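J.: Protein sequences, first through last, are from chains S and Z. Note that the numbering used here gives residue 1540 to position 75 of the first sequence, counting from 1, and the numbers run on in steps of one. Note that the numbering used here gives residue 255 to position 159 of the second sequence, counting from 1, and the numbers run on in steps of one.
There may be inaccurate statements among the hints.
[As the list claims (entries may be wrong)] In silico DSS-like cross-links for lysine-lysine, where the CA-CA straight-line distance does not exceed 27 Å:
id	chain 1	residue 1	chain 2	residue 2
1	Z	Lys179	S	Lys1501
2	Z	Lys299	Z	Lys281
3	Z	Lys314	Z	Lys125
4	Z	Lys314	S	Lys1501
5	Z	Lys208	Z	Lys314
6	Z	Lys281	Z	Lys140
7	S	Lys1501	Z	Lys281
8	Z	Lys171	Z	Lys314
9	Z	Lys126	Z	Lys179
Simulated from the structure, these hints should not be mistaken for laboratory data. In this text, all values refer to a predicted model and were calculated from it rather than measured experimentally.
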Amino acid sequence: MNWLINLGANTLSRLSAIGNASLMLWGGLFAVPRLKNIPLIIQQVYVVGVQSLLIIIVSGLFIGMVMALQGYTILVNYGAEGSLGPMVALSLLRELGPVVTALLFAGRAGSALTAEIGLMKATEQLSSLEMMAVDPLRRIIAPRFWAGVISMPLLALIFSAVGILGGHLVGVDWLGVDSGSYWSIMQSTVDWDKDVINGVIKSVVFALVVVWIALYKGYDAIPTSEGISKATTETVVFSSLAILGIDFVLTALMFGIN
Amino acid sequence: MSKILVDINKMHFQRGGRVIYDSISMQVKKGAITAVMGPSGIGKTTLLKLIGGQLYPDGGEVLFQDENIHQMSRKRLYDVRRKMSMLFQSGALFTNISVFDNVAFPLREHTKLSEEVIETIVLLKLEAVGLRGAAYLMPNELSGGMARRAALARAIALDPDMIMYDEPFAGQDPISMGVLVKLIKELNSALGLTSIVVTHDVKEVLTIADYAYILADKRIIGAGTPEEIRNSSSELVQQFLQGNADGPVPFHFPASSIQDAFLGAT
């Protein structure tokens, strides 16, 4: 009978965690935004967005280069190396851009957010904000959330753009694909709504999920060193799994059923 | 307005199935320093969080200026919290901004004062705790005692009616402790504050307190002026004052007897 009790207790605690996380989202995010908080959001865009640029640009460049290399060796067998441009562009815009950016973002910025909030909790900074009649959900959580939601789609677009340039570098400059066909076939194949906008929608959804998980895990962390370490790990693991799972669903909805 | 600022009435509180407070009542008089003493782990910080409305009791009521803290709307609670202030054990300074900005924080959040006025107020508050020279240091550059004084300057920035001190003397060297004792006493009379000091440093706090409560075993085991506490005939109170390891407050956390535990008698 013990496993039944454990199952019940586990289910209840999961459900109450989801409830608490939703309350946090509600309390912090859907409150009327105040003008005073805009500088805070800008500051956080710098921390989570601008400071993630290096890892995003370097990863985008290398992924674009590898895709061009792999794509070329396969396409050249069929004499179709001219289609290298659309292949690189479509895979980046539809899939790799949003997904890899979200995974990198979860590791780079998500874990940092969890650790920061968790430590603020452990050092009683959140409590002291409350006692100063300042709502930590509005002052601390909300600016970080919006900063993440603003930053991630932009990072994903930068990732894709740099990846396409990396593909050009390997495909055209090194392997000798015609530059004109790389760009012109890409231009005629890639559709603004279907490919670019759908990619942006994906990364907005990933941003919501990753930042929400990161902030909730920090806010809910047990305020000890083990607690924060566990919360940080969970942020990265849960975010990554959520990104991959949601990506499948979104892809099926956007590209799968025609 | 009545002379009682905080009135705790038959409050009951439990956490994780463990009873922390079993129907306790206490009153904090306006303008006085009230000490709440008790052994570590008794939930003294919890008491302050209950008064501040961060935790909710399972029974009874907590009145602040004759208003029930736990039945207020969120907005009203936030308004009331501007009149109370809390000094956390760790200081809880924001580590990413300087001491000056820490003290200016509540002013910038809650008032529309110009930066020049804020600067004047902040420097005056820092002067009061003797840290004007440290205004532009970061919190990690301060010693423990200085951090607590900086946090005290922040706590008085908005001129509250009441300050709650959570273990202000814990882990302080004798000089810092003396400084803090003096500050609490002086601020209380100079600013017309009401102070609640939660601590286990009995000797220090009894020198400045006007009234004291001793908490142990989920209840209040003694109350009175420092003089009455010192002369109390209660064994519990005397054990606490003299710091005896065992007595009415047991040395052991409640457990089955050691014979049962080792010999497996069930």
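J.: Against each hint, give a clear statement of whether it holds in the structure.
T.: Consistency of the hints with the structure:
1. Z:Lys179 / S:Lys1501: Distance ~23 Å between Lys179 (chain Z) and Lys1501 (chain S) Cα, so the pair holds.
2. Z:Lys299 / Z:Lys281: Holds, at roughly 15 Å.
3. Z:Lys314 / Z:Lys125: holds (22 Å)
4. Z:Lys314 / S:Lys1501: violated (44 Å)
5. Z:Lys208 / Z:Lys314: violated (44 Å)
6. Z:Lys281 / Z:Lys140: With Cα atoms ~21 Å apart, Lys281 (chain Z) and Lys140 (chain Z) stay inside 27 Å; holds.
7. S:Lys1501 / Z:Lys281: violated (37 Å)
8. Z:Lys171 / Z:Lys314: violated (32 Å)
9. Z:Lys126 / Z:Lys179: holds (13 Å)
Checked against the numbered hints above, the structure breaks hints 4, 5, 7, 8 and satisfies the rest.
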